[in-house]
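A.B. asks: With the hints as constraints, model all of the structure from the sequences given.
Listed here are the chains, written in short residue letters.
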Amino acid sequence: MIFEVTPSQTVGPYFAIGLPFDGQQQIVPEGTPGAIMISGSVYDGRGEVIPDHVVEFWQADGDGAFADLHGYGRRSTLAGFRGFGRSAEEDGDGVYRMLTVKPGAVPLSAGQEPGRPLQAPHIDVTVMARGMLHRVVTRIYFADEEQANAADPVLQSVPPERRHTLLAQPTADGYRFDIHLQGDDETVFFAV
Amino acid sequence: MSTTQSDGAVRQIYDPVAETPTSYRRDPEGAHPPLSYPGYKSTQLRHPKQPLLYLPQTITEVTGPQLQAALDLKPTDSDLTLQAAGEPIGERIIVSGHVYDTEGKPLRDTLVEIWQANAAGRYAHRWDRWAAPLDPNFKGAGRCVTDADGRYEFTTIRPGAYPWGNHYNAWRPAHIHFSLLGRAFTQRLVTQMYFPGDPFFPYDPIFNSVRDEAARQRMISSFSIHDTRPNWAQAFHWDIYLRGPGATPFEEAF
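Protein chains in written order, with the numbering used here: chain X, 1 to 192; chain U, 193 to 446.
In short, the hints are calculated from the structure, not lab data. Be careful, since some hints might not be right.
[Stated by the list, open to error] Have a look at the derived ranges for each label pair, beta carbon to beta carbon:
1. U:T268 to X:H164: 46 to 54 Å
2. X:P114 to U:H359: 54 to 62 Å
3. X:F21 to U:D339: 15 to 23 Å
4. X:D178 to U:N423: 53 to 61 Å
5. U:L265 to X:E90: 16 to 24 Å
[What the hints assert, rightly or not] Pairs of lysine to aspartate or glutamate, EDC-like flavour, derived with a Cα cap of 16 Å:
6. U:K241 to X:E186
7. U:K331 to X:E90
8. U:K241 to X:D44
9. U:K266 to X:D22
10. U:K233 to X:D44
11. U:K297 to X:E4
12. U:K241 to X:D184
Where a beta carbon is used, it is the ideal one built from N, C-alpha and C, also for glycine.
C.D. replies: Here it is as structure tokens:
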């Protein structure tokens, strides 16, 4: 028998009571070699920052291995690597700041044969807020990975004129990735 | 892998290593509310206008985090009546159920996070300015992880309904917010649990944004005399269904 999923409802305005946890924006511990900061804001259809956003990251480590305890794929050996980050603040400045490492290239599937092409470094992102009845999903790619990006099957499936919305831009301490829910630069969102 | 439960029933559960799904069933049309729903005014500037693009379920989408170590959960994390010096005011309730996938298999080790208003319908959040009393003994947040049978349980206070500014005389039906991480990025779910027979159901655009009547019913808990504690607490039962394995292996889907 197949059951139907429980429907989504909005995260609402008061998630900061329940969702934050200590170190939620530390995907790697402080002091991890090669740690970078990925930061950005979420913008609404008027181009205004949504301060009460929930942004979550899920990513591989620099070797392309995941902090997944279910045994699927290669397990990360990076000390303290959580692979997951969450920005869910009551009173932030509208900027999420994830302390992380740049992910490595990963296979398409765990059972992939050696020698087949890898996906370009990327991070899966969930965005939720008041006024959103369901999460939206996007992917962060890195603007300075031109060669890997050019061969990435997901990025190449995106219309060329919209690909730039998925590219994090280098900054002094890492990368900047802004998310636009609407507008001329509306971020590409995916059905997963 | 199967397990025999306390009620004698034998249920299938996942062996986390041997049976991790390599793809997940995509949600059918209408399973979730639309991102654009004019009755809920805040969706107007917060829904993508471009169509969602198809994302194949690669290794990134079928893996997921385990936060138990980071959260270091204590028993008081799942009992919202024990988190302050005194007892919160209101009707003490037990909210429990199972987390299943769409094949009916219990999902163990699943992080369940909740937050809610107090008995008067007021959130312990500085942006909630409704003229109802705060309860100094009620923070309104809890966490637990499902057990080997996929079961979760919280002890809390029955939340009150409250007004909001969406339209004239708008009230939210009483609800508890639920967040589930699932075992894979694809299984992430944030939703709200409602109480049976709430008089505000017909008037609430968030509840009714789920257009299918049967789907709406899946958000409503049921009163459970079985789970009540005599001379202590009422009980409500609510099972949550996350996506199960998909039929299409990745290589064919791309």
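A.B. asks: Next step is simple, just say for each hint if it's right about the structure.
C.D. replies: Here's how the hints hold up against the structure:
no., hint, in the structure
1, U:T268 to X:H164: 46 to 54 Å, "holds (48 Å)"
2, X:P114 to U:H359: 54 to 62 Å, "holds (59 Å)"
3, X:F21 to U:D339: 15 to 23 Å, "holds (21 Å)"
4, X:D178 to U:N423: 53 to 61 Å, "holds (55 Å)"
5, U:L265 to X:E90: 16 to 24 Å, "holds (21 Å)"
6, U:K241 to X:E186, "holds (8 Å)"
7, U:K331 to X:E90, "holds (14 Å)"
8, U:K241 to X:D44, "holds (12 Å)"
9, U:K266 to X:D22, "holds (15 Å)"
10, U:K233 to X:D44, "holds (13 Å)"
11, U:K297 to X:E4, "holds (13 Å)"
12, U:K241 to X:D184, "holds (10 Å)"
Hint compliance for this structure: every hint is met.
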